[in-house]
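Chemist: Which chain is which? The protein sequence lines are A and B, in order. The opening residue of the first sequence carries number 1369 in the numbering used here; numbering runs sequentially from there. The opening residue of the second sequence carries number 2 in the numbering used here; numbering runs sequentially from there.
These aren't lab readings, by the way, just hints derived from the structure by calculation.
The calculated DSS-like cross-link candidates involving lysine-lysine, where the alpha carbons are at most 30 Å apart (straight line), are:
no.	chain 1	residue 1	chain 2	residue 2
1	B	K210	A	K1406
2	A	K1384	B	K210
3	B	K193	B	K210
4	A	K1425	B	K210
5	B	K215	A	K1384
Listed below are several chain A residues computed to face chain B (Cβ distance under 8 Å; list not exhaustive):
no.	residue
6	V1422
7	D1448
8	W1455
Incomplete in silico selection of chain A near chain B, CB under 7 Å:
no.	residue
9	P1391
10	H1401
11	L1415
12	K1425
13	L1441
14	I1447
15	P1449
16	G1451
The C-beta atom is built at its ideal place from N, Cα and C for all residues, glycine as well.
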Amino acid sequence: MTELREFARQNDELEKLHVQLVPISVDDRQHAHDVWEKVAEENFAILSDPGATVIRKFGLLHEAGHGGADIALRTTILIDPDGRERWRRVSQSVPDIPSWDETVTMIKKAQE
Amino acid sequence: MTYPANIWTKTRHRRPPTPSVTVETTGASPVVLASQRHRHDAFLRAKEAIGFAGRNEFRTVERRNRFARPSAIHDFIERYRMDSDVERSLPFSSIEELRCCYAVASTTAMASSAGAKLWFISTSSTGNASRLESRIRFFAKGDRPHCRMRNLLPRFASFESMRGSHGQLLRTIVLVCLTASSAVTQTTPYPKPQTPSAVGQLAPDFRLKNQGGKVFHLAALRGHWVLLFFYRGYW
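Put together the whole structure using the sequences plus the hints.
Modeler: If you want it as C-alpha cells, here you go:
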C-alpha cells in the first residue's frame, strides 16, 4: 500500500511518461473502492480480482498469504505498447518494496 | 552544563516522558530519537545509560530526526496495517506507543543495513510499560534482527545499579523493544513466484471489474505503456 500511495503522489510524472497504472488485488469491490478513494486519491482505477484468477495467470499467487486466504505477491510489471512484458519486479519479503526512483528508472530505460 | 549524578532520583516523580529510542551506528555519531517535548530527558537518559557523548551531537541529530514526522508514522501504519502479514488492526492505544514502535522499526532497519550496534532506551512509566509490552507482543515472532544485539548486554548491565522498580522497568522495556525489533525486521521471505520472469513475452490478456463495477480489458490498452501493480490487498 505504501507503493500505491507513492504512485498516487507521482501520478503527474506517470502521465508525463505516458504510462497507465493498473493496480490489482484480491480485494472485493468495496475494498477496492476504499483504496481508490483513500489511497489512490481517485487518480486511477483499482481492479478487483477476488478469485485471484488473473494473479494466477501471471504466476504471482501467494497461497494462504493472508490468514489462509490467497493473495498476490507484491509485483510491478511494465508492459510495452505491443503488449509485451519489459520489466517484472517481484518483492521477496515484507520490507522489500521498490522505490519510486527504481520504478521510474526502469520505465525510462525501457522507453529509450 | 552539568547533569545530576542520579537522573532517576531527579526525575522519578515527574510525569513519565515519552518512550525514546537510541541507536549508535558504527563509526558514526549516535542517533537519539525522542519527541520534541522530551528531548532533554531522553538526552539525560542516553548519557547516563550508554555514555552518550555530548549535547551538541544530540542537537545535531535531532534536526535530522525524520522518524517522528506524522507522515512517516502514517507510512508505517500503511505498511504494517495493509501491506504485511501482521494483524490488520494495530493495537496501539496512543500515538506515543506507535511512535515508539515505529522508531524501533526504523532504527533497526537503518542500523541493520549499516551493520550497526543498537541501543534501545525507553523511559515509560510502569503502567505504560505494561501496556506497551502487551501492545507490541504481536510483533514477537520471527528471526533475530540483523544487528549485533549481543553487544548490548554488558552495557545494559549498568541498569542493575539503578533504583528499584525504575531499573527493572527499564530493563523490561529494553527487552520488549528488542523483541519488537526482532519481529519488525523479520525477513521471512515470500514464496517464489510461479513465474519469476516473463520479460519479452506477451502479457496474458484479462478482463476485471474496477472499483466502480466497470470492466477493464487489458488488450484495450494496446499502444500504451502499462504498469501493472499487484498488491497484497486486504485493506
